[in-house]
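J.: Produce the entire structure from the sequences given, and follow the hints as far as they go.
One-letter residues, chain by chain:
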Amino acid sequence: MLDKTETSQPESAPSDKDTKIDCRHIDVFYGEKQAIFDISMPIRDRSVTAFIGPSGCGKSTFLRCMNRMNDTIDGARVEGEIIMDGADINDPTVDPVLLRSRVGMVFQKPNPFPKSIFDNIAYGARIHGLASSKSDLENIVETSLVRAGLWDEVKDRLASPGTGLSGGQQQRLCIARAIAVNPEVILMDEPCSALDPIATARIEELIDELREQYCLVIVTHSMQQAARVSQNTAFFHLGKLIEMGETEMMFTNPSNQRTQDYITGRFG
Amino acid sequence: MTDAPEATPIERPSSFASEAAMKRLKRRHAAERRFRAYGLVAIGFAILALLVLVLSILTQAWSAFTRHEVVFDLTMERELIAPEGRDQPEQIASNVTGFNTLVQQDLLATFPETGRTRQLRREVFALTTRLAVLPIAHKVAEQPDLIDETVSVRAALSDDLDLYLKGGATDRRAMVAGQAGIIAANEAGLIEIEEIGDSRFAAFQSAVADLEGTDPSVLLRVDDTWFTLESINTNSLIASYLTGPAPLLGDRYETPIDALIIKTPASNRTVSDRQIAWTTMLNEQGRIKRVFNSGLFTQADSTYPELAGAAAAIVGSIFTMIVTALFAIPVGILAAVYLEEFAPKNRLTDLIEVNINNLAAVPSIVFGLLGAAVFLNLFGMPRSVPLVGGLVLGLLVLPTVIIASRAALKSVPPSIRTAALGLGASRTQAVFHHVLPLAAPGILTGAIIAMARALGETAPLLLIGMVAFVNEVPTRADQESTVLPVLIYKWFSGAERAWEPMTSAVIIILLVFLVLMNLAAVMLRRRFERRW
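Chains A and B are the protein sequences, given in the same order.
Residue numbers for the first sequence follow numbering that gives the first Met the number 0, beginning at 0 and rising by one.
Residue numbers for the second sequence follow numbering that gives the first Met the number 0, beginning at 0 and rising by one.
None of these hints come from the bench; they were simulated from the model.
Take the hints with a grain of salt, since some may be wrong.
DSBU-like, lysine-lysine: derived pairs with alpha carbons at most 35 Å apart [said to hold, decoys possible]: (1) A:Lys-133 to A:Lys-114; (2) A:Lys-32 to B:Lys-409; (3) A:Lys-239 to A:Lys-108; (4) A:Lys-154 to A:Lys-108; (5) A:Lys-32 to B:Lys-22; (6) B:Lys-165 to B:Lys-288; (7) B:Lys-138 to B:Lys-165; (8) A:Lys-108 to A:Lys-32; (9) B:Lys-165 to B:Lys-262; (10) A:Lys-239 to B:Lys-344; (11) A:Lys-154 to A:Lys-114; (12) B:Lys-288 to B:Lys-262; (13) B:Lys-409 to A:Lys-239; (14) A:Lys-154 to A:Lys-133; (15) A:Lys-133 to A:Lys-108; (16) A:Lys-32 to A:Lys-239; (17) A:Lys-114 to B:Lys-409; (18) B:Lys-344 to B:Lys-409; (19) B:Lys-344 to A:Lys-114; (20) B:Lys-138 to B:Lys-344; (21) A:Lys-108 to B:Lys-344; (22) A:Lys-108 to B:Lys-409.
Per label pair, the in silico range of CB-to-CB distance [stated by the list, open to error]: (23) A:Asn-138 to B:Leu-325: 40 to 46 Å; (24) A:Asp-195 to B:Leu-347: 43 to 49 Å; (25) B:Leu-325 to A:Glu-141: 43 to 49 Å.
Note that beta-carbon positions come from the ideal geometry of N, C-alpha and C, so glycine has one too.
T.: As C-alpha cells, this is what we get:
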C-alpha cells in the first residue's frame, strides 16, 4: 500500500478502488499521551467496517478522527493523512463543519435534541440549507425516518419530543437524523451498547440495509455483532491496529495470536 | 476450591439479629431520627424568623398606608390667590402663601380664641403643613373658574398629629371626671370647678394620683372649653384655661367633665396640649378624614413626612434595574458562553476565571468607588442618575451573572453538543441552537437573583450621589433620582417619628418588588421548560 514497511500492522485489507477513506499513519495524542500509534487502513465504500478491541484500545478515538470530532477536544492532536475521495480531511483548508455533513455520526448513548421528532430530523437539513421549502423539509424528514425504519412508529406524533421515545427508537431517530443530512459515511460509536437485544437486532437490521448506500464504520464491543453486521473487521489493542481483514476470515482464521485470543475470549 | 484450608475463617456474627447487631441498628436509626429532628428545627427557626420579620414590618408600616386630612370649605378669594389676575396659572400654582392664608383664615374662624397672640396663631397654623395647599393651588391654576367659588379642600394633617390620631406618639387615657358644677375664677387667676358631685370623680382622682410625679398633661373639657388640670381638691378641681370659648364664670354647668390624661409629658412630645384639643374638636366635627395615602406612590420625596412619597424612588429603582439588566445580562451571558464554550483552557482563562470568582466577593462599596472614579470623574457623567447607578450595579452583579450562567451551561449534557457538532453544526450554531436554550432556565434564575441583589444594594449608590434629595419624579434615566433602599436609609435616619412607619412602608414596597421579580423568574422558567 505504501512504500513504508508496516511494523505494527502485520496484515491489512487490500486497498482497492472501492476504498472510501484511506487512513495513512495516523497518530493521535491527548496532550502528552499518545492514544493511537501509526495506524493505516483503508475503509471500503458501501460496506460495514467493524472496529473491535478491549476498552481503551483507541477504536473510538480512531473513529472520531474520520469526522474530526477530536478537534473539539482540548489538547487532542491528530497526525497523519486521512484521504477521503482523494483529499486529506486533515488539511487546514477543509472545513470540519462541511466534513461532518459528509461524515455523519451516531453515538453510544442515544442523544436526540430535546425537541420534537420532526425538528430533530429537520435540524441538519435546516442548517445545511438542504430544503428550499416546507414540503421539501417534510419530504426529507419522512424519507429519513422511513430509511431508519422509524416512520411507522412515529408518523402520528412528529410534534412530540424526541426524548419521549424508547431507547431503541431514540437511537434510530439519531440514525435518521444523521441520514437526513445526506452523508456519504456514517460512523457509529457502539450504537447498541445501551439497548436491549430486540432493539439491538432492529438496529443491526437497519445497518445491514444502510450498507447499500453508505460507507459505515461501527465500533462495537460485541464480537457477535461485528460478525453479524460487518464485512471487514479491524482489531485494535493498546492504540495499535493488530489485524484487519474480511470479517469471515478474522473470526474463523485470524492470523495473529492476540486476535485469536481476544475473539475466543481469552483476554480483554 | 477457593477457600484455602489453612486460611483463618472470617469471624461472622452468628446471626444478623444478634444482640450487638441489633444495638448497632438501633443506634443508626436513632442517628437518622436525630438528624431529621435537627432539620425540622432549623426549618422551623427559619420560618419563625421570617414571620417575625414580616409581621413586625407590616405592623409598623400599616399606619403609613393611610393618612389624615383636614377638610376646609374655602372661598377662593381672588385678591389673595390670584393677585396678578386669573389668567396667570403659573403664579396661581406657585402662590403657596395666598392659599395658605385661606387655610389660616379658616382655622382662625374655627378657633377664634387663637387670634389673640402670635404664639397661639403659630400653634394653630401648625395643624397643617404650608405645602399641603399645593394640590389645590394646581387645581385652581388649571380651572380659573373656581376663583371666588367655595371649594372643598383637603390638606394633609401635620405628621405629628396624624401619628397622634393613629394612636402613636403618646400614651393616653380618656375618662369622665364627673359632673361639672359651678365654674368660677379663684384668687390666683385660675379656674375652680366646684361642687363636683359624682361617683366618677373618685375614680378620676385615683387615676391622677397614680401618675403622681410623672408630669402628665391632664386635659379637662366642659362643653367646648378646655382646661389643664392644676390640682385636685376633695370636692373641686383647680385648672387653667387652655382653649375654646371662654367659660361663663359663676354659672352652673350641667354637662359632664371629660378628662383626657396624656401620660407622656408635654416636653417629651411634638404635639402640644392645645393642638390635641383642636384636633379632637376637628375630628368630632367630622372635618378630619382618614384616607388611603396615595401620595406614597404618586409623590416624590419631601421634608415633611405627611407629603413625602416614594414615587421618585420607585421610578428610579425601575430605571436603575433596566439599565443594570440591559448591561449585566447580555454581557454576562456572552462572557459565560465564551468562557465555557469557546475559550481554550490555558493559564490566561484560568486567571480570568479566578478573578471573576474574586470579583463576586468584592464588597459592593468598592464598586461604588469605582463608579465614582470612572463614570463620574473620568467620563464626566452626571451624579445621582439611574444611568450611572445602573452601570455600577451592573458591574457589581456581572460576576454573579457570569458564574450562574457558566454553571447553567456546564450542566447541559455534552452529548447535546456532540450531537449538534456531529451533524455539521458550527460551534456557534451548536451553542445558540441547543446549549443556550437548554441552559436558559438556569441562566434566567441566576440573572434574576443578581437583579434582586442589585435592587437591594445601597452602599455603591451612596457613593455616586444617589442619596440626593429628589423632589421630582424622574422621567428619564439620566435625571436625578434615588432608589428604594437608599430612600429607606434616608427616611430611617429622619428625625421625626412619622418617618418610622414610612420607612417600613418603603420596605414593604421593596419586598413586593422582590417578590414580583421572583414570580417573574419562576414563570419564565416554567415557560422555557415547557418548550422542551
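J.: Please go over all the hints and tell whether each is borne out by the structure.
T.: Evaluated hints:
no., hint, verdict
1, A:Lys-133 to A:Lys-114, "holds, 18 Å"
2, A:Lys-32 to B:Lys-409, "holds, 26 Å"
3, A:Lys-239 to A:Lys-108, "holds, 25 Å"
4, A:Lys-154 to A:Lys-108, "holds, 23 Å"
5, A:Lys-32 to B:Lys-22, "violated, 53 Å"
6, B:Lys-165 to B:Lys-288, "holds, 12 Å"
7, B:Lys-138 to B:Lys-165, "holds, 29 Å"
8, A:Lys-108 to A:Lys-32, "holds, 26 Å"
9, B:Lys-165 to B:Lys-262, "holds, 16 Å"
10, A:Lys-239 to B:Lys-344, "holds, 29 Å"
11, A:Lys-154 to A:Lys-114, "holds, 16 Å"
12, B:Lys-288 to B:Lys-262, "holds, 26 Å"
13, B:Lys-409 to A:Lys-239, "holds, 34 Å"
14, A:Lys-154 to A:Lys-133, "holds, 17 Å"
15, A:Lys-133 to A:Lys-108, "holds, 30 Å"
16, A:Lys-32 to A:Lys-239, "holds, 14 Å"
17, A:Lys-114 to B:Lys-409, "holds, 20 Å"
18, B:Lys-344 to B:Lys-409, "holds, 14 Å"
19, B:Lys-344 to A:Lys-114, "holds, 31 Å"
20, B:Lys-138 to B:Lys-344, "violated, 68 Å"
21, A:Lys-108 to B:Lys-344, "holds, 26 Å"
22, A:Lys-108 to B:Lys-409, "holds, 19 Å"
23, A:Asn-138 to B:Leu-325: 40 to 46 Å, "holds, 43 Å"
24, A:Asp-195 to B:Leu-347: 43 to 49 Å, "holds, 48 Å"
25, B:Leu-325 to A:Glu-141: 43 to 49 Å, "holds, 44 Å"
The earlier numbered hints that this structure contradicts are 5, 20.
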